[in-house]
Amino acid sequence: MISIIVYTSTSILSVEEFLKSLALAVFSSSVVIFFYEVIYIVNRGDKYFEEIIEKRIPVYFKMKSSGMENISYEFELASHEPSFESRLKSSQSLTIVMNDGKRFIDNHSSSFRQRFKEGGKETNFILLDPRAKFVDILNKKHVKGEGYYENKILSVIDDLLNGPTYEVAKGHQMKIYLHDSFNTMSIVILDNVSIISPYRISPGKFKVPHIEFQETGNECEFKNIKDDVDQLLKKSFHVTKDNLKEIKKASVG
Numbered sequence: 477m478i479s480i481i482v483y484t485s486t487s488i489l490s491v492e493e494f495l496k497s498l499a500l501a502v503f504s505s506s507v508v509i510f511f512y513e514v515i516y517i518v519n520r521g522d523k524y525f526e527e528i529i530e531k532r533i534p535v536y537f538k539m540k541s542s543g544m545e546n547i548s549y550e551f552e553l554a555s556h557e558p559s560f561e562s563r564l565k566s567s568q569s570l571t572i573v574m575n576d577g578k579r580f581i582d583n584h585s586s587s588f589r590q591r592f593k594e595g596g597k598e599t600n601f602i603l604l605d606p607r608a609k610f611v612d613i614l615n616k617k618h619v620k621g622e623g624y625y626e627n628k629i630l631s632v633i634d635d636l637l638n639g640p641t642y643e644v645a646k647g648h649q650m651k652i653y654l655h656d657s658f659n660t661m662s663i664v665i666l667d668n669v670s671i672i673s674p675y676r677i678s679p680g681k682f683k684v685p686h687i688e689f690q691e692t693g694n695e696c697e698f699k700n701i702k703d704d705v706d707q708l709l710k711k712s713f714h715v716t717k718d719n720l721k722e723i724k725k726a727s728v729g
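Under this note's numbering, think of the first position of the sequence shown as 477, with each following residue one higher.
These aren't lab readings, by the way, just hints derived from the structure by calculation.
Bear in mind the structure is a predicted one, so any value in this text is a computation, not a measurement.
Virtual Cβ for every residue (Gly too), placed ideally from N, Cα, C.
Mixed in with the good hints, there may be bad ones.
Subject to a maximum C-alpha distance of 25 Å in a straight line, what follows is the list of computed SDA-like cross-link-like pairs (lysine to any residue) [unchecked claim]:
#1 721 x 592
#2 717 x 586
#3 597 x 648
#4 616 x 659
#5 683 x 673
#6 578 x 542
#7 651 x 557
#8 578 x 650
#9 578 x 608
#10 683 x 663
#11 597 x 706
#12 724 x 558
#13 609 x 531
#14 616 x 597
#15 540 x 557
#16 597 x 538
#17 538 x 686
#18 531 x 695
#19 702 x 531
#20 609 x 719
#21 620 x 579
#22 702 x 649
#23 717 x 531
#24 711 x 657
#25 538 x 551
#26 616 x 653
#27 683 x 558
#28 531 x 542
#29 616 x 649
#30 646 x 563
#31 609 x 724
Label pairs and their in silico Cβ distance ranges [what the hints assert, rightly or not]:
#32 641 x 726: 20 to 26 Å
#33 538 x 726: 20 to 26 Å
#34 641 x 707: 28 to 34 Å
#35 677 x 623: 19 to 25 Å
#36 637 x 538: 27 to 33 Å
#37 556 x 681: 23 to 29 Å
#38 646 x 554: 31 to 37 Å
#39 594 x 554: 34 to 40 Å
Build out the structure end to end from the sequences listed, making use of the hints.
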């Protein structure tokens, strides 16, 4: 392009001819740059776009390195296929940590019924112990009467263990655990995906974000969440049909 400009400046050309030469030079340079970019992108592949994203949006790579895949106000996965409902039914291992879990279990009752019919799977529910002091604080936080959450938790346990709603196949390991601490969030752990949902501070029912983390390696957040839940599980109390009556008596008198 420079050579063309030098040539035209030393030659006696009309203004029209000079502009034509300049336009041709600009066009030629643009074509060369365009093909260079195409060849560069083809050779670099996805890495090229990741480099651009890393410069423009560094938080994206922080999210990816932690395994964060999606934030949604519904229980849905970033991949969409298979859906959350499908994964809920098919996941070999499923662990749920919630205060009482009633709404979640009721909303996905069809998936749980189908899941419980399949042998060779493991399902763990880790709920608040209705005998724990924190449950009374939960009643006060949500302006509920005495014994509200105690009875709610017990009804969920009773329904899972004894109710006609759910029939658990002999080959299916369905276990319920209680802990006497408090939950800062609810957690759903599938085979290689975990979803955490932080609880709001103020009383009432609010939409909360469901944050999805995928298993990506040893340092990913999925592993941290799973390890945290495993530690909670070690300190939790296993509920059975045999000791449920005793728990009920100690919870509501």
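Structure-based check of all given hints:
no., hint, result
1, 721 x 592, "holds, 23 Å"
2, 717 x 586, "holds, 23 Å"
3, 597 x 648, "holds, 5 Å"
4, 616 x 659, "holds, 16 Å"
5, 683 x 673, "holds, 10 Å"
6, 578 x 542, "violated, 30 Å"
7, 651 x 557, "violated, 28 Å"
8, 578 x 650, "holds, 16 Å"
9, 578 x 608, "holds, 18 Å"
10, 683 x 663, "holds, 15 Å"
11, 597 x 706, "holds, 18 Å"
12, 724 x 558, "violated, 39 Å"
13, 609 x 531, "violated, 50 Å"
14, 616 x 597, "violated, 38 Å"
15, 540 x 557, "holds, 19 Å"
16, 597 x 538, "violated, 34 Å"
17, 538 x 686, "holds, 18 Å"
18, 531 x 695, "holds, 23 Å"
19, 702 x 531, "violated, 32 Å"
20, 609 x 719, "holds, 20 Å"
21, 620 x 579, "holds, 17 Å"
22, 702 x 649, "holds, 18 Å"
23, 717 x 531, "violated, 57 Å"
24, 711 x 657, "holds, 10 Å"
25, 538 x 551, "holds, 23 Å"
26, 616 x 653, "holds, 24 Å"
27, 683 x 558, "holds, 24 Å"
28, 531 x 542, "holds, 18 Å"
29, 616 x 649, "violated, 35 Å"
30, 646 x 563, "holds, 21 Å"
31, 609 x 724, "holds, 15 Å"
32, 641 x 726: 20 to 26 Å, "holds, 25 Å"
33, 538 x 726: 20 to 26 Å, "violated, 46 Å"
34, 641 x 707: 28 to 34 Å, "holds, 31 Å"
35, 677 x 623: 19 to 25 Å, "holds, 24 Å"
36, 637 x 538: 27 to 33 Å, "violated, 43 Å"
37, 556 x 681: 23 to 29 Å, "holds, 27 Å"
38, 646 x 554: 31 to 37 Å, "holds, 35 Å"
39, 594 x 554: 34 to 40 Å, "violated, 25 Å"
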